[in-house]
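Going down the list, the sequences are from chains A and B.
Read in order, the letters of the first sequence are residues 1 to 293 in full-length UniProt numbering.
Read in order, the letters of the second sequence are residues 1 to 424 in full-length UniProt numbering.
Please keep in mind that the hints were generated in silico from the structure rather than gathered at the bench.
Warning: the hint list may mix true and false statements.
Computed footprint of chain B on chain A, listed as stretches where at least three residues anywhere in the stretch have a Cβ under 8 Å from a Cβ of chain B [said to hold, decoys possible]:
id, stretch
1, 100–106
2, 147–156
3, 178–189
4, 217–225
The list that follows gives simulated cross-link-like pairs (lysine-lysine, DSS-like), each with its CA atoms no further than 25 Å apart [as the list claims (entries may be wrong)]:
id, chain 1, residue 1, chain 2, residue 2
5, B, K92, A, K152
6, B, K420, A, K156
7, A, K62, A, K30
8, B, K404, A, K155
9, A, K57, A, K20
10, B, K420, A, K225
Yeah, the Cβ is synthetic: ideal placement off N, Cα and C, and Gly gets one too.
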Amino acid sequence: MNQENILAVENLVMHFGGIKALNDVTFDIKRGSVSALIGPNGAGKTTVFNCLTGFYKATGGKIQLSAGGKETSIIKVLGEPFKATDFISPASFASRLKYKMFGGSHLVNRAGLSRTFQNIRLFKEMSVIENLLVAQHMLVNRSLIAGILNTKGYKKAEEEALERAFYWLGVVDLVDSANRLAGELSYGQQRRLEIARAMCTNPEIVCLDEPAAGLNPSETEALTKMIRVLRDEHNTTVLLIEHDMGMVMDISDYIVVLDHGEVIAKGGPDDIKSNPKVIAAYLGAEEGEEVTL
Amino acid sequence: MSQAVGINFKKSSVDAFIAGLMALVLFGPIVGVVLDGYGFNAEFGRVAWIVAVVAVGRFVMSSFLQTEKGIALAFRYANSDDGVTVLPPGHKSKMIWIIPLVIAVGLLIPFIASKYVLTVIILGLIYVLLGLGLNIVVGLAGLLDLGFVGFYAIGAYGLALGYENLGLGFWSMLPIAAILAAFAGAILGFPVLRMHGDYLAIVTLGFGEIIRLILTNWASFTHGPNGVSAPLPTFFGLEFKRRSRDGETFHEFFNIPYDSAYKYMFIYIVLFAVVWAVLFIKHRLVKMPIGRAWEALREDEIACRSLGLNHVLVKLSAFMIGASTGGLAGVFFATYQGFVNPSSFTFFESALILAIVVLGGMGSTLGVVIAAFCLTVLPEMLREFAEYRVLMFGILMVVMMIWKPRGIVRVTRTGFSPKKGVVK
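Pulled out of the complex, with its shape left as it was, chain A reads as follows (with noise of 0.2 Å):
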């Protein structure tokens, strides 16, 4: 187990049909940091989230997940078509049989990367509470039997999880909108729940898709704020994609910049402020301004 990254991303490729949206793209991403994807529009940085969190298949190359303790290759739980030697050895068939009958993104989540959407989607006609519970989905007691009894260790799971539920809540300031359907919230706070219900599933590594996308500048600043809190008080990592730089350049400590689907510059925040290319592309062909998007 890689013990200083968490995420290994090797030479991804992906294609949709003749479009190359994704020509070997190549990061690491380090225990405990917050990394930030930028790019221009259609550099390919959704794309990048959807394969490593297995929405997509990548059509080639590696992406390594080590947490919870052991290494997961994404591609390989996702279903990966049988191979010759599969054919000699019994238990490599068996397994890629596995990966392909029962395999999908859940198996990412469970391996500990979570993620949240771009257009947000919550379960709108649930509660905020019922959101967090569904997320709990694999700490819960899920035995039909337990359930239906109502035994002990049951009514014990449902308690601890409503109380993790509740913590999340506090943690993004939502406690008071608990009883309310999460379709009912207004905008900012359905980012919010967006993460918290993100963070219920336990995980090691965030993926958060422009989580300040229409946010205003107070509610950017208090999610910056509950971004360190992720990482100080939670160790857990975060990865970001964000257009607002202003916000990229005062939490990120690694920035990783696309564009037409390569990493253009990778880097500390300061590196990648000055960096030629990275400034071109954004700005054009204009050299020496500051990228202030």
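Use these hints to put chain B onto chain A, whose structure you have.
Relative to chain A, chain B alone:
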């Protein structure tokens, strides 16, 4: 609604006039012209009465809706379909008083009702079971299943064929049929549950038809359209027949005169108990992780996957539990009819069950129970209009979809009282 309220009588009068005119047009030819051999008599008096009643009624209604109370009522009505509400934490349901009452009345029914009424109520309860089963699949998990009748058929034929071939009676087939139907649900479900929406609906529609066609055409096993007879339940081994080949019958054992209503009473009581058990299990399931997962899946499948829920297994569990309830209903149907044949399991039945769920309110238990009784008991009460049954049924659906698109009973969600948050 603090605006000044004054009744505009001119508007009311115009409303009344228009309503009266429409009543005249509508009732004039129907009521006013009475055929008499080849000629006809005009009956102005009756038409005048009807038109007057309609016009006065419209006037009163129009005036009332302009008063403060009326406006409040209209306002509330206009906002009545705003969706789901979350109950405050610690909400005490009135059901605590209603349920014992319903159980008491339900237990009295077999002793006071006539045999005919009892059979109608049994049919109603069978549809309650079917509605509850489909409600899990459609209402909670959001999977449109148009072939639910297939599982119903598996339950019914399971009893009939199990008795014929293996000598299994009602009591052993009751759980086996439920398991059999769940198994069929799993076999159907596993390959198709990766699709959703319309595609799933078409595949399940096909499944229902396949089951019916197999039952019709595999004559050597199922006896085809001729059907199979199904056994009656036994009371601790005592049969409900007039005479029994082996051992005593119910009426001989208790020394009472034979009455064919006894078997219906017994079926009713068993069915009543099973329906309550299913209601209880459904009530628990909704609050359990699995029930939450079903509803979450209905809301957003992609989000579910991102939270570590295996969407195929969650759907499969909904499908299997729904199917097993359908199988139970099938067993009761077969034993109640004493005979099954494929014509009882047409697509119309699937549509009827789906109508029960939609009419009752997706995901609402109480609504489904009410709707199931409405749709099975009402046609019995309106025997004279039997030919127009499907037409009335269609009109009812259209009217419901316009006025109450979320069904008779709206879904409410439980509230949770705030706790101190702890994380481990």
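Checked hints:
1. Residues of the stretch 100–106 of chain A with a Cβ under 8 Å from some Cβ of chain B number 4, which satisfies the need for three, so the listed coverage holds.
2. Remark: the stretch 147–156 of chain A is confirmed as covered by chain B, as 3 of its residues place a Cβ nearer than 8 Å to a Cβ of that chain, reaching the required three.
3. Coverage of a stretch by a chain is defined here by at least three residues with a beta carbon nearer than 8 Å to that chain's beta carbons; for the stretch 178–189 of chain A and chain B the count is 4, and the condition holds.
4. Evaluation of the coverage hint for the stretch 217–225 of chain A: breached, as 0 residues show C-beta separations to chain B shorter than 8 Å, against a requirement of three.
5. Of the pairs offered as hints, the one joining B/K92 and A/K152 holds, with about 23 Å between alpha carbons and a cut-off of 25 Å not exceeded.
6. With a CA separation close to 15 Å, the supplied pair B/K420 and A/K156 stays within the 25 Å bound.
7. Simply put, A/K62 and A/K30 have alpha-carbon atoms about 17 Å apart, close enough for the 25 Å limit, and the pair holds.
8. Restraint check for B/K404 and A/K155: not satisfied, since their Cα atoms lie roughly 37 Å apart, outside the 25 Å limit.
9. Restraint check for A/K57 and A/K20: satisfied, since their Cα atoms lie roughly 14 Å apart, inside the 25 Å limit.
10. Of the pairs offered as hints, the one joining B/K420 and A/K225 holds, with about 22 Å between alpha carbons and a cut-off of 25 Å not exceeded.
Hints 4, 8 from the earlier list are contradicted by this structure; the remaining hints agree with it.
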